[in-house]
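Protein chains in written order, with our numbering: chain A, 438 to 708; chain B, 215 to 521.
Honestly, I wouldn't trust all of these hints.
[Stated by the list, open to error] To list a few chain A residues with every Cβ distance to chain B over 10 angstroms, as calculated: (1) Thr524; (2) Asp633; (3) Gly644.
[What the hints assert, rightly or not] The calculated lysine to any residue pairs, modelled on SDA-like cross-linking and capped at a C-alpha distance of 20 angstroms, are: (4) B:Lys370 - A:Met675; (5) B:Lys501 - A:Asp633; (6) B:Lys370 - A:Leu678; (7) B:Lys370 - B:Phe520.
Since the hints were derived computationally from the structure, they do not count as laboratory data.
Quantities reported herein were computed from a predicted structural model and do not represent experimental measurements.
Even for Gly, the Cβ is constructed at its ideal location relative to N, Cα and C.
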Amino acid sequence: MEHLGNARRLSPILHGTKPAASGLWIPLILMTLGMAAPAAGLTTSDRLAVISDQLGYYPCMDCHGDQATYTQPRILEEEHVEPLLYTDTEGVVHQVTFGERLAISQLIAEPKAWDLRSEMLAKVGLSIGIREYMEFNGLSEEDSVWVLTHGGGNIWCLNCHDIEDRNKLVKLNGEKLTFNQSQLLCGECHGPALHDWELGIHGKTTGYWNLAMDSGDVSIRKLCVECHNPHAPAFASMQALPPPVSRIPRRGVDAPETAAEDRENGGHGHE
Amino acid sequence: MSRKARFKEGSCGRRGFLKLLTVTAVGAMALPSESEAFDLDAFIQRHFKELDKEALAKTLRRLEEKYDHDYGRDDFKVRADGPQPGVHYAYALNLSKCIGCRRCVQACVEENNQHRGDPERGDRIDYIRVLEMEKGSLNVEKSEHFYDHEVPAEGKYYMPVQCHHCNDAPCVKACPVEATWQEPDGIVVVDYNWCIGCRYCAAACPYWARKFNWVKPRIPSEEINPDTHYLGNRPRYQGVMEKCTFCINRVRRGLNPACHDICPTGSRKFGNLLDENSVIRQIIATKRVFILKEEVGTDPSFYYFFD
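Using the sequences provided together with the hints, build the complete structure.
Printed below as a string of structure tokens:
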């Protein structure tokens with residue numbers, strides 16, 4: 438677990454750049470590669486050895502554990518947009534959104550120092566505590582609506598989720614995977630992407646280009662679902678940061694006055 | 215009086231010339247006093263490559279004290295980590311994945327202590343220029359540098375351009391005082407204390423990678439990155455050239471450059487060209503790789519690829 442500690446220390450760098458749509462997946466999976474050699478040399482078995490002792494919990498069964506499985510196709514986002522009922526520790530029943538329900542599960546599964554406060558809040562007014570918790574963890578209300586655009590209508594929940602145990606994923610051969618092994622599932626259809634990911638070409642690896650130079654630290658390679666929402670995997674568009682300001686007037690864009698003014702001010706080429 | 219009229223009256227004769235000379239000389243003398251206080255130690259300092267161990271240590275200490283004083287801090291560290299044997303840094307950029315969000319530009323400015331510029335004038339120094347290109351075209355002349363909208367835009371792709379760390383670098387050849395050179399690990403660096411500010415290198419560079427400090431760099435002291443390298447991100451003087459160094463303060467310690475780690479799409483890849491297991495070598499072996507302006511023969515350490 439020594440490697441995990443290091444990954445946690447480095448992880449804010451990653452989280453700062455994460456598009457909002459994938460915020461839900463932040464706490465799920467953080468894979469660390471504590472290799473002595475550059476990450477390109479790693480094999481699948483090495484990777485599994487590293488991630489197998491990490492997060493295996495996912496809260497689906499908290500709600501779905503005692504429900505019968507519907508095998509008929511239906512609109513996924515409609516299923517999760519209805520308010521859910523949640524009974525808190527005091528026995529009070531609350532109406533919560535799907536995102537809030539998920540946050541409650543995470544709060545119970547991953548107690549942090551911060552949660553002492555939200556636990557207290559939970560007793561007086563659950564929704565206030567949960568809202569703060571969601572904000573604290575970068576979860577937004579949009580995360581609570583899941584839209585399945587993946588596969589263009591050709592795949593369904595049970596292609597990836599296990600029919601009996603909702604806390605597990607399932608491969609085509611029936612092998613069950615925990616949520617932190619999801620790349621093996623993705624790779625069943627996206628083989629070339631998985632191969633490139635293993636080599637470090639596809640995806641994002643941060644930290645050290647040369648792990649040998651400082652063996653105490655690690656590189657972190659993001660898993661598929663940390664960048665791609667598995668239900669809507671297209672990379673989200675974002676606002677570009679401000680453009681450079683030209684000191685050379687641009688033809689047809691900047692007014693001629695600007696150009697004259699710029700020369701008076703001793704304007705130079707933007708070198 | 216217009217310039218044309220002056221020529222007609224012949225006022226550019228000897229007297230006019232002397233007058234002009236005097237004005238120019240006074241102007242030139244006034245320039246340094248505006249920017250930097252005169253520092254004898256800095257004035258007599260030798261070229262970086264000629265500094266022995268003792269002189270280098272003394273120089274680094276002097277700079278640390280100066281920067282601490284200038285920016286009101288006490289944590290400046292100026293390193294001079296040398297190149298590692300068997301390492302040649304190289305960069306690869308995936309044009310199929312880059313969405314042109316300019317996060318790399320921002321991270322670079324923060325890491326490398328660039329001039330933040332006057333907010334009204336907007337003369338911030340950026341090492342990375344992101345070009346918005348038409349899909350299906352590689353004509354950089356028709357690229358858009360100043361796009362400001364949600365990215366990626368329909369029908370466009372994005373090509374960030376920065377220093378290519380050429381192995382046959384025109385900027386190095388153009389420098390009349392050898393203030394810029396390529397290190398053994400492939401990084402093209404500038405000794406800011408040796409640069410005379412003639413800007414020949416900027417004219418020679420085909421990638422628009424060299425940036426000139428027209429004014430004394432303005433950086434708020436709370437935004438300063440105090441972890442610096444002599445040949446890299448230490449604060450610069452007015453009138454010197456600067457450029458991307460692959461974040462020499464980071465990569466010489468094994469870390470990735472700042473632009474690499476910030477990229478939200480994972481388009482940027484960095485590694486050792488001489489290590490056959492490195493991601494760079496994997497890309498060269500398996501992807502469609504090209505060099506920008508290959509015809510100018512600069513042999514860059516920077517590759518673009520598609521997948």
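ask   = Since Asp633 (chain A) was said not to touch the interface, does its Cβ keep a gap of more than 10 angstroms from each Cβ of chain B?
value = 7 angstroms, violated
query = Between Lys370 (chain B) and Phe520 (chain B), does the CA-CA distance stay at or below 20 angstroms?
reply = With a Cα-Cα distance of about 14 angstroms, the restraint between Lys370 (chain B) and Phe520 (chain B) holds, given a limit of 20 angstroms.
task = Quickly compare the C-alpha distance for Lys370 (chain B) and Leu678 (chain A) to 20 angstroms and report which way the hint goes.
result = Holds: Lys370 (chain B) and Leu678 (chain A) sit about 17 angstroms apart, inside 20 angstroms.
request  = Could you check that no beta carbon of chain B comes within 10 angstroms of the beta carbon of Gly644 (chain A)?
outcome  = 7 angstroms, violated
inquiry  = Next pair to validate is Lys370 (chain B) with Met675 (chain A); report whether the Cα-Cα distance is within 20 angstroms.
reply    = 14 angstroms, holds
query = For the pair supplied as a hint, Lys501 (chain B) and Asp633 (chain A), is the alpha-carbon distance within the 20 angstroms limit?
reply = 10 angstroms, holds
key: Distance rule for Thr524 (chain A), whose beta carbon must clear each one in chain B by more than 10 angstroms   = 39 angstroms, holds
The structure does not agree with the numbered hints 2, 3 stated previously, though it agrees with the rest.
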